[in-house]
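Peer 1: One-letter residues, chain by chain:
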Amino acid sequence: MTSPASSSEVKYLIESSEGNTFDVSGAALRQSNTFNAMFLNIGADGPIPFTDYNEATLKKVFEYCEHSVNEENYSGPKHQDDLSKWDLNFFNEMDQKMFIDVINASNFLDIERLTSYCCERIARMLRGKNTQEMIKVITLPTAEELEAKQKVEEKKAAAAKKVAEKAAETAEKTETLEELPVQQLVQTTRNKLTRKYLSFSNE
Amino acid sequence: MSAAFSLLGLPKNAQRKVLNGFDAVQLINFSLLSNNAKTLVRSLNFTIAQITLCADEDFIEIQAIVDKEQSVGWIFYPPEPSSRIQPVRGTVPIFVPNLVKAEKNFEETIYFKNPKMSISEWLTLIIEVFNHPPILDILWTKPDCLFDMKSIKGIVERFNVGSHFFTRNCGVECAQLALRTMSESRTLAIASPAFANPAEYQDILILNSKSIFIGFSFDFDLKISLDDILIINSKLIHIMSRHITDKTINRYLKHWIQGSNPRMENMRLEFEPNRIFDEEVILRGLKYRRARLIRQNQPKICIRRKDGTNGIIVLHLAETRCFDFYVSN
Numbered sequence: 001m002t003s004p005a006s007s008s009e010v011k012y013l014i015e016s017s018e019g020n021t022f023d024v025s026g027a028a029l030r031q032s033n034t035f036n037a038m039f040l041n042i043g044a045d046g047p048i049p050f051t052d053y054n055e056a057t058l059k060k061v062f063e064y065c066e067h068s069v070n071e072e073n074y075s076g077p078k079h080q081d082d083l084s085k086w087d088l089n090f091f092n093e094m095d096q097k098m099f100i101d102v103i104n105a106s107n108f109l110d111i112e113r114l115t116s117y118c119c120e121r122i123a124r125m126l127r128g129k130n131t132q133e134m135i136k137v138i139t140l141p142t143a144e145e146l147e148a149k150q151k152v153e154e155k156k157a158a159a160a161k162k163v164a165e166k167a168a169e170t171a172e173k174t175e176t177l178e179e180l181p182v183q184q185l186v187q188t189t190r191n192k193l194t195r196k197y198l199s200f201s202n203e
Numbered sequence: 001m002s003a004a005f006s007l008l009g010l011p012k013n014a015q016r017k018v019l020n021g022f023d024a025v026q027l028i029n030f031s032l033l034s035n036n037a038k039t040l041v042r043s044l045n046f047t048i049a050q051i052t053l054c055a056d057e058d059f060i061e062i063q064a065i066v067d068k069e070q071s072v073g074w075i076f077y078p079p080e081p082s083s084r085i086q087p088v089r090g091t092v093p094i095f096v097p098n099l100v101k102a103e104k105n106f107e108e109t110i111y112f113k114n115p116k117m118s119i120s121e122w123l124t125l126i127i128e129v130f131n132h133p134p135i136l137d138i139l140w141t142k143p144d145c146l147f148d149m150k151s152i153k154g155i156v157e158r159f160n161v162g163s164h165f166f167t168r169n170c171g172v173e174c175a176q177l178a179l180r181t182m183s184e185s186r187t188l189a190i191a192s193p194a195f196a197n198p199a200e201y202q203d204i205l206i207l208n209s210k211s212i213f214i215g216f217s218f219d220f221d222l223k224i225s226l227d228d229i230l231i232i233n234s235k236l237i238h239i240m241s242r243h244i245t246d247k248t249i250n251r252y253l254k255h256w257i258q259g260s261n262p263r264m265e266n267m268r269l270e271f272e273p274n275r276i277f278d279e280e281v282i283l284r285g286l287k288y289r290r291a292r293l294i295r296q297n298q299p300k301i302c303i304r305r306k307d308g309t310n311g312i313i314v315l316h317l318a319e320t321r322c323f324d325f326y327v328s329n
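In order, the protein sequences belong to chains B and W. The opening residue of the first sequence carries number 1 in the UniProt record's numbering; numbering runs sequentially from there. The opening residue of the second sequence carries number 1 in the UniProt record's numbering; numbering runs sequentially from there.
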């Protein structure tokens, strides 16, 4: 039923967590980097199992993909004002559970455009909010949840620190060897001042 | 969406994308939610380029430059005064703020009640959240500081002071008091018209800061003498003054050859665009040889001091007229 053909007419069968299957066009599916990495070049002999996600969520995700087939390559989140009416409707008609499920599925399928729009939407919901207002929108992670995450991050941070230290060593060396370090420093210092304080008011 | 949802419930990539969509003000507000929230933000390794503290007249401000496009500021307002008695300047302790105004690029603003954090705690939070080294700059803008200098020192004692900026209407006495109280800093940047006469603040010139910048505009009519330049004890010196003559430069070089300014590694004297150097006057009586800077293919003049140290002079005649002098051992 499926082949690695590039024609947008090719349909693929997707299997959801309920065991249901439904068609998705090749063009829509190719927006998923996960699909591209796993199936594009080898084809699939039967339904592609995305069984961690329910049918409604997957259909919603691929609805977005079908719609954005002809859009230019993703180049970063759009501003609220730049979203089309269709995009706004797409997001607005989802309830919170569906929205979170769509983010999870989109993230797994590695659909950069959809994941980024969803995340940008969350960030926008929290824009201009102080702490008391934020707490109405998001719940906080528990200590246990964070502990596990922290351990992984600490390892990465230690490695990054080593790289940064080495870079700093090189930078220091470069500074000493540069013919005119004062030029750079003047520019840096001037930049620091000009934005607000390099004006002589007559207060 | 109506009910609250867990940000940590999202995949890590999505969390990163959400927090990447936050500006620095949002990141700090989010970090204020809890230690866990702060840890989450910290784990994403956001950075800022610079933090500056400014203890102004009616408020205290922390500015953070995130990158070339984004700067943010937190402005802290004092509690309502209990009496209307005019405070004695220089004696007022730093207050625990009542109200905070957070602003991005000096425009978008949010007001909120301070969660009983001191200024020092705010600085610590910002430094932690943005994984910034414990270094901050201090900006001085008033003829005399309203606050008790020891109280300001108390705020920054957990950090290193990178630069003192004396700007706007900052007065010489204010700077002197600040530097007596907090003498250790890497850079001194003097950009206030009150500093036009360096003879009034030679005690500042002799401090052994790594860099000193005097004058940032020709509106600030800096009248610096040879003696003033000779007592500067910094490695990097930048002076912007229309009053330094070619003859003064010549005399400076002769002093340098004799051993003056032993710590100086690099000096730039910046002049107005219409300045014409008279090389003959600058080099009169000096032993020198001409060469070219390899990288910029620019003419340079090499001199040698008595102890064998080489000095290189480059006269910039393009957009900015500069006398550059650097020491190569």
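Check each hint, because a few of them may be wrong.
Now the stretches of chain B that chain W is said to cover, found in silico as 3 or more residues with beta-carbon under 8 Å [said to hold, decoys possible]:
1) 50 to 64
2) 100 to 110
Taking beta-carbon pairs under 10 Å as the criterion, some of the chain W residues facing chain B (in silico) [said to hold, decoys possible]:
3) PHE5
4) ALA14
5) ASP23
6) SER31
7) ALA37
8) LEU40
9) ASN98
10) GLU108
11) TYR111
12) ILE257
13) GLN258
In short, the hints are calculated from the structure, not lab data. Treat the numbers as computed from the prediction; the structure is a model and nothing was measured. Just so it is clear, CB atoms sit at the ideal spot from N, CA and C, and this is done for glycine as well.
Peer 1: Hint by hint, say whether it matches the structure.
Peer 2: Results of checking the hints against the structure:
1. 50 to 64: violated (count 0)
2. 100 to 110: holds (count 5)
3. PHE5: Given a least distance of 6 Å, the restraint on PHE5 of chain W holds.
4. ALA14: Since the shortest Cβ distance to chain B is 5 Å, the answer is holds.
5. ASP23: Where the cut-off is 10 Å and the nearest Cβ of chain B is about 8 Å from ASP23 of chain W, the hint holds.
6. SER31: Result: holds, 9 Å to nearest chain B Cβ.
7. ALA37: 6 Å, holds
8. LEU40: Cβ of LEU40 of chain W sits 6 Å from chain B, so the hint holds.
9. ASN98: Given a least distance of 14 Å, the restraint on ASN98 of chain W is violated.
10. GLU108: 7 Å, holds
11. TYR111: 8 Å, holds
12. ILE257: Since the shortest Cβ distance to chain B is 20 Å, the answer is violated.
13. GLN258: GLN258 of chain W check fails; min Cβ-Cβ to chain B is 23 Å, beyond 10 Å.
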